[in-house]
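Got chain A; can you put chain B on it based on the hints?
Chains A and B supply the protein sequences, listed in that same order. Numbering of the first sequence is given in the numbering used here, commencing with residue 4 and proceeding in unit increments. Numbering of the second sequence is given in the numbering used here, commencing with residue 4 and proceeding in unit increments.
Calculated directly from the structure, the hints in this document are not laboratory data. Keep in mind that a hint or two might mislead.
Computed list of lysine-lysine pairs in PhoX-like fashion (alpha-carbon distance at most 25 Å, straight line) [what the hints assert, rightly or not]:
hint	chain 1	residue 1	chain 2	residue 2
1	B	Lys239	B	Lys228
2	B	Lys94	A	Lys357
3	B	Lys239	A	Lys326
4	A	Lys241	A	Lys308
5	A	Lys78	B	Lys94
6	B	Lys228	A	Lys83
7	A	Lys152	B	Lys91
Pairwise CB distance ranges, derived in the manner of DEER restraints [unchecked claim]:
hint	chain 1	residue 1	chain 2	residue 2	range
8	A	Asn337	B	Gln328	30 to 40 Å
9	B	Lys321	A	Tyr13	38 to 48 Å
10	A	Tyr13	B	Gly96	26 to 36 Å
11	B	Gly96	A	Asn196	52 to 62 Å
12	B	Ile368	A	Lys56	48 to 58 Å
13	A	Leu220	B	Gln47	38 to 48 Å
14	A	Lys56	B	Leu74	41 to 51 Å
15	B	Lys34	A	Lys315	46 to 56 Å
Idealized CB from N, CA, C, for every residue including glycine.
Protein chains: 2
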Amino acid sequence: MVKIKINLKYNSYYIYLQHNIFDDIATFHKKYYTDCKAIIITDQNVKKYYLKKLTDRFSAKNITINAYSVLNGEKSKSFKSLESLAEKIIKKGINRNDIIYAFGGGVVGDLTGFLSSIILRGVKFIQIPTTLLSQVDSSVGGKTAINSKLGKNLIGTFFQPAAVFIDPNTLSTLPRKDLLAGYAEVVKYSLINDRVFFNWLNKHNKDNLSLVPKNILKIISTCVKKKAEIVKLDEKEKKTRMLLNLGHTFAHALENELNYKIRHGEAVSLGLLMAMKLSYNLGYAKINDFNLLENHLKSSKLPIKLKDLSNKKKWLSKNILKKMQTDKKSYKGNIRFILCKGIGATFIKNNIDKTIVKKTIEEFII
Amino acid sequence: MVKIKINLKYNSYYIYLQHNIFDDIATFHKKYYTDCKAIIITDQNVKKYYLKKLTDRFSAKNITINAYSVLNGEKSKSFKSLESLAEKIIKKGINRNDIIYAFGGGVVGDLTGFLSSIILRGVKFIQIPTTLLSQVDSSVGGKTAINSKLGKNLIGTFFQPAAVFIDPNTLSTLPRKDLLAGYAEVVKYSLINDRVFFNWLNKHNKDNLSLVPKNILKIISTCVKKKAEIVKLDEKEKKTRMLLNLGHTFAHALENELNYKIRHGEAVSLGLLMAMKLSYNLGYAKINDFNLLENHLKSSKLPIKLKDLSNKKKWLSKNILKKMQTDKKSYKGNIRFILCKGIGATFIKNNIDKTIVKKTIEEFII
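Excised from the complex, chain A in its bound form:
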């Protein structure tokens, strides 16, 4: 079992990573939460493949379970789902000692985390991420959210889980496109502060997503450790943690432009590349690093042009720019960017000339 500590002032917790981890989860619950109900929130895909496998382990230990499933996809990160789940769970009888499990990908994790933070003013929750994206990124660090009509993740809380259990086996049923989308976040971690990791990813490009146990454990544990280090330094995203948003100011605007009909990771892939190009255009990064990144994403079959996200959409740089200005990370009307001094060296920059941002966007329309 790989065990990684998220060290925080309060509410420190562990990430447990291992193939076939379900039985350990039930054991953990039985040990630490005797007589407390397990409230499981999942989506329809995970329900189909894994819910019974998980609940069987809980039932075998006589743990009371209430399970609820939401529709797949970003549309479930809404006030409507939040209200509906809250009312159902309250009606069924929850108390402050029960445990809520987020059993699914980023959508389920963000929604369930938010719900847990507001129901009875806060109930403990545990993440069981089932997608690559949620295993390497969104399940760790305590950001919870739903979407506003005007942008992604604009409503939510900082609320840390009590534990995170990751089972790479769940990736075996994940569609290839979702696996790829999650891989964009893996690349992000290498860009932030680890050129060696980027080179390793580049070298093993063909094997990275083959789910060879050794490789996938290295990928997940490397990303989670990186996230743990950053969250420890800056839980509430006052500064350092913003580095984790590399590519995301672009990505959120692109997702919004396409009404969230693409995968988050697909937008992140292009967002990373756009951030690198912006860094180059501003004189921070070398063109060689941009090319290295572009080739890596391309050979990974990830989007590198706006038309790769949608070739039907009429892309307009001014619309994308406008969306970027409603981002949470915007500051007094200015967009705050995470830029790169090349692969493995990110930094925060305010007050960037909007005409250069616009020009950069336009390079991806062609």
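For chain B alone, kept in the frame of chain A given last:
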């Protein structure tokens, strides 16, 4: 100016109490939040009497203001209001440095506090309570909430304001019934740990709500100081803070039975008396203290029987008891009660015999 510190591990803040305080609020904003917008949330009553008076002070200092009003009453503590406000505020362009003001009574304070805690994962907010109930109780301490269909305040967060500004002048336009309802919370504070304060209230009963400046300042500052002490000891309501719920397990059930069509304070008045009677029935309090309290509430023209809340409702003890069991304070199926060893001496008690609770409720039906 009366200045009371709420001392917390993080996010300590001050309560400022004074007649004619609006100009001080604008000065405070200008001093500490230069270039940040003031987003004011209020209700229709407060809008009618005071909104312009407040915004004039902000405008005079060139502070940008966005003001929104919600309908009066508990119905505004809903997911619907929350979503509608969030979308409007985001659309208008909010950033993490702006300040949200809760300008109104308990409903506005609870809703606005909750909204502030979740919009962009948390934006600073300031309370300007305008009713007696919110000035002595709900604006201080960082509990925020909306109501579930199944009970009051079941969804919310702990989120401390950056400051609280109290102007007793706003009480002059408060309907007598609302003033009385707020007074029930004042009585609560005396019951919790201050028999001397109870005796003072009893002695000055005729003057308490006449809004004589000296008296009303004493009443508000005494209650706020008491709340400050308790919140300091136990911000997240693990134990001591539960004492502030004296009478509230009954009160929330009664309000829910009447679909929130009565004032919270009216339910609290009866809730306090029921808690004292339950304490007597369980052998903790003397009948003399029950009689003292009953006489005080009666002479204050506050409810002392269920029929005083509604003489149309067919009150059934089993229904009230059932509602009490979905309260947040219930623990593993049992109701957790705050009881009194007489006036000025409260304590927490779990696992009370439900038949005695039921019998106690029945004494108030007759």
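Right, here's what the structure says about each hint:
{"no.": "1", "hint": "B/Lys239 <-> B/Lys228", "in the structure": "18 Å, holds"}
{"no.": "2", "hint": "B/Lys94 <-> A/Lys357", "in the structure": "21 Å, holds"}
{"no.": "3", "hint": "B/Lys239 <-> A/Lys326", "in the structure": "37 Å, violated"}
{"no.": "4", "hint": "A/Lys241 <-> A/Lys308", "in the structure": "32 Å, violated"}
{"no.": "5", "hint": "A/Lys78 <-> B/Lys94", "in the structure": "19 Å, holds"}
{"no.": "6", "hint": "B/Lys228 <-> A/Lys83", "in the structure": "40 Å, violated"}
{"no.": "7", "hint": "A/Lys152 <-> B/Lys91", "in the structure": "10 Å, holds"}
{"no.": "8", "hint": "A/Asn337 <-> B/Gln328: 30 to 40 Å", "in the structure": "52 Å, violated"}
{"no.": "9", "hint": "B/Lys321 <-> A/Tyr13: 38 to 48 Å", "in the structure": "42 Å, holds"}
{"no.": "10", "hint": "A/Tyr13 <-> B/Gly96: 26 to 36 Å", "in the structure": "33 Å, holds"}
{"no.": "11", "hint": "B/Gly96 <-> A/Asn196: 52 to 62 Å", "in the structure": "33 Å, violated"}
{"no.": "12", "hint": "B/Ile368 <-> A/Lys56: 48 to 58 Å", "in the structure": "52 Å, holds"}
{"no.": "13", "hint": "A/Leu220 <-> B/Gln47: 38 to 48 Å", "in the structure": "59 Å, violated"}
{"no.": "14", "hint": "A/Lys56 <-> B/Leu74: 41 to 51 Å", "in the structure": "48 Å, holds"}
{"no.": "15", "hint": "B/Lys34 <-> A/Lys315: 46 to 56 Å", "in the structure": "52 Å, holds"}
The structure shown violates the earlier hints numbered 3, 4, 6, 8, 11, 13.
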